[in-house]
Amino acid sequence: MNEHVKPPRTLPRFSATFDPYTLSEIRRAAATGIYDIRGAGAKRKLPHFDDLLFLGASISRYPLEGYREKCETGVVLGTRFAKKPIELKIPITIAGMSFGSLSAQAKEALGRGATIAGTSTTTGDGGMTPEEREHSKTLVYQVLPSRYGLNPDDLRRADAIEVVVGQGAKPGGGGMLLGQKIGPRVAKMRTLPEGIDQRSACRHPDWTGPDDLEIKIEELREITDWEKPIYVKVGASRPYYDTALAVKAGADVVVLDGMQGGTAATQEVFIEHVGLPTLAALPLAVQALQDLGMHRKVQLIISGGIRSGADVAKALALGADAVAIGTAALVALGDNDPALEEEYAKLGTTAGAYDDWHEGRDPAGITTQDEALAARLDPVLGGRRLANYLAVMTLEAQTIARACGKSHLHNLEPEDLVALTVEAAAMARVPLAGTNWVPGRN
Amino acid sequence: MTAMVEPAVFDLATTPLRELNRTLHALRPDTNMRHWRVINPAGRHAIACGLDAPITVEIEGHAGYYCAGHNKQATVIVHGNAGVGVAENMMSGFVHVKGDASQSAGASAHGGLLLIEGNAAARCGISLKGADIIVKGSVGHMSAFMAQAGTLIVFGDAGEALGDSIYEARLFVRGSVASLGADCIAKEMRDEHRALLAGKLEAAGLAGEVDISEFTRYGSARRLYNFHIDNAGAY
Amino acid sequence: MCGIVGLFAKTERLQPELGAHLAQMLAIMSDRGPDSAGFAVYSAPVPGAIKLTLRAPEGYDFEAMASRLGGALGAVPNITVRATHAVLAIPAGTLASAKSWLAEHAPEASIVGIGETMEIYKEVGLPAKVAERFGLAAMAGTHGIGHTRMATESAVTTKGAHPFSTGPDQCLVHNGSLSNHNGLRRTLMREGLSFETDNDSEVAAAYLTAQIKGGKSLGEALEASLEDLDGFFTFVVGTGTGFGVLRDPIACKPAVMAETEDYVAFGSEYRALAVLPGIESANVWEPEPAKVYFWEKAA
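Chains as they are written, first to last, in the numbering used here: chain A, 1330 to 1771; chain B, 14 to 248; chain C, 883 to 1181.
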């Protein structure tokens, strides 16, 4: 035997089950004794809008010319009961994100950008800041289980009220904000001691269940003299029932957030292992509305992984009246920008993967309360960037809609779509491309 | 000179609730229509909610849910019982329930005084954010759950899990406490606490009704303020 | 999610008006439950007979069926028809034969309740309409419970409406949402019980039935439910002699009671009680969590 020639070895192989990320997490848990907390939404691969394609016009259908032949984009929210429904120029809204999870500058930037684009922003689990009210022409005010900062003056200053039952990242969970981000201003707004880790309720303090939600909605209407649309927001879980119950409880608008929807902070296991993908949730909500004869009468806003005009068009085609963006809006402002790679590296991460927002050390100055970091975000520039991004998404959606022969984005319908995978076909209830087959339906 | 004006009367048996609340909301801060009576409430919900004027509203009978919800400045007197969430999210003013209060009385209230002559049910003062609540009877289980600021004063007993997950609210209970919630402990009554308690009782017109020394003070042990795995059992 | 009402007449004075009051209380609870409604009334027994409440499709000929059943039993049973329901009074002792006859010869008619005094009616539709269809306002009795339904996770069907019968002269109504009913249903099915719906309340009723069959009293069965049922619930249970109330330990779902010399009443909201005579001076209070309450007629 020639001792210098070693026998060949197989290639090193990672386990799909015990993959490197999983190994690192087990090591981390063993070292710290605490669950992993992070921000953002579900990161794992899920059936999503990318698995759907539009069928553009050809001989059987005719397209619209760009520019001259209008493709309208406006939407009215809250037509059911409110005296002053909300009219938006585009069917893309900014989802609820708290001052506390975001800096004041970020909230201002979102308000500015949304106003330029003719759409709304939403407060979050910490109340309404003067910056956001001042800079956001249309502001939706959340009523959450924690009730931090809730007050009747802000109810009256709001343009709509959103009763939050849950969010997609953590259906059944409450808010989370750690001490690093509970600085003086946040603490005061939330009536909490500075620097503590906020413990939040997961249920509302004075109602549980749709029968009592109905009475709560009545109270909110009475306080605001029936002027404002009342939204009910749920994380995607049992969206058929939840949508039906929101309608029965008296909602004007249902907001449904899929598991790709982001959060400021919660347990990683909650984000990845609880909830439904947006694609699976949306058709169930639409069906509930149709079964009640309330589709388009109670409007549906879908959120969770909306990234482009294609996603907007697909969501509308499947029956939503509008979409909301959260994560994407932050990226437009500058979140996870590769230009800051050096700083991400110092935090032990890399641009595009940074999600430890709860630590409050965001180099982009968005998910932080640190004054120096927050000052890095110029709200005017940020607003401009957001407005640009919203304009692009709108143009993209219009491009697709025109190609499908639609003069209004709302005229997109499920029959304009096909699916690339069996899962997506089953979830979206559209045929597998090249076939008539809708799994589970025929 | 203040002219004596007869209280305006709203009969909820014949007038819609919407008209009552709309009228009360439309009052200017300098209104001389400062005294209102609501008759035949019959358990209607959201009576006198969202008030924002220095007026007095007397409800003659039992109120339903969220009576005087989000109250600012006003005095609301319920000559009867009040349903779920009386004075919820109150910002200022005075709400006086002559009978009993149902669950979540004073939930998330930021300011003002809620006085309950009878008993309050479960979750009295849940999520309290700075208001004062005085209950001359007893309170039910999970009272002062996650109470952040303000005071809850109970002449009678408290049910299970008092002050569960409490932040900085102060609790004074004269009777027995069935059990304490996570991170809620009995605390020493020092002179400053006795003075605080006496001051609150006097402001409510209850000075001398009960012996201050019979109260026990409860509050946060502050062990859950920063997450530590050894406290996981409390979560 | 739902509304519950209950009324127990302590004195004879209220008995002729029982149905009228219950009908009003039910209508007031429509907001909480617009989908369907049902009620159980404990009315006059028929001497020597057992009452079967049957439900059948619209237009079913109950009288013809009763004649045929009479042929099998040897005497035509007394029958009262109210819309889609009918109460058959069969001679005590013929219950088993009647049930097997019905199963074989009248499968479209299902048995909603059995008892000496209990009659159960339930239907899809607005509560006020349901009460009207079955003439609740004219019914007399010693006690009754009613339910208005806002279906949460199961379909809006008549079968899904409450009350659910748990045994002779026993039935259950529920406000809340159980979280372990699917596993419990499978366990009970293995023990031989059958189910008509995917409704969590039906599971609660079957659970109590199984416990009672196993030898527990109703009170003991309700105590056991605190251990075995998970989720949020307010239960009101009707029995031959009275009614019981139980709230889960967390007790988020509402429950209000009122008592005078003449009655004990239950409502999910005080509004439902506000129409009762003497309510201004009634003792109004809320049942405590995890505590079984019971009111019954003296023997």
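None of these hints come from the bench; they were simulated from the model.
Take the hints with a grain of salt, since some may be wrong.
[As the list claims (entries may be wrong)] Listed next, the stretches of chain B that the computed footprint assigns to chain C, with coverage defined by at least 3 CB atoms under 8 Å from CB atoms of chain C:
1) 47-60
2) 195-208
[What the hints assert, rightly or not] Facing chain C, according to a computed beta carbon distance under 8 Å, are these residues of chain B, among others:
3) A134
4) G188
5) A191
Glycine residues also receive a C-beta, built at the ideal position from the N, C-alpha and C atoms.
Taking the hints in turn, this is what the structure says about them:
As drawn, the segment 47-60 of chain B meets chain C at 4 residues by the rule of a beta-carbon pair under 8 Å; at three or more, the given contact holds. For a cut-off of 8 Å, the count of residues in the segment 195-208 of chain B with a CB near a CB of chain C stands at 0, and the three-residue condition is violated. Proximity of A134 of chain B to chain C holds as hinted, the smallest CB-CB distance being about 5 Å (cut-off 8 Å). At its closest, the beta carbon of G188 of chain B sits 16 Å from a beta carbon of chain C; the interface hint therefore is violated under the 8 Å criterion.
For A191 of chain B, the interface hint is violated, since its Cβ never comes within 8 Å of a Cβ in chain C; the closest pair sits about 11 Å apart.
Checked against the numbered hints listed earlier, the structure breaks hints 2, 4, 5; every other hint is satisfied.
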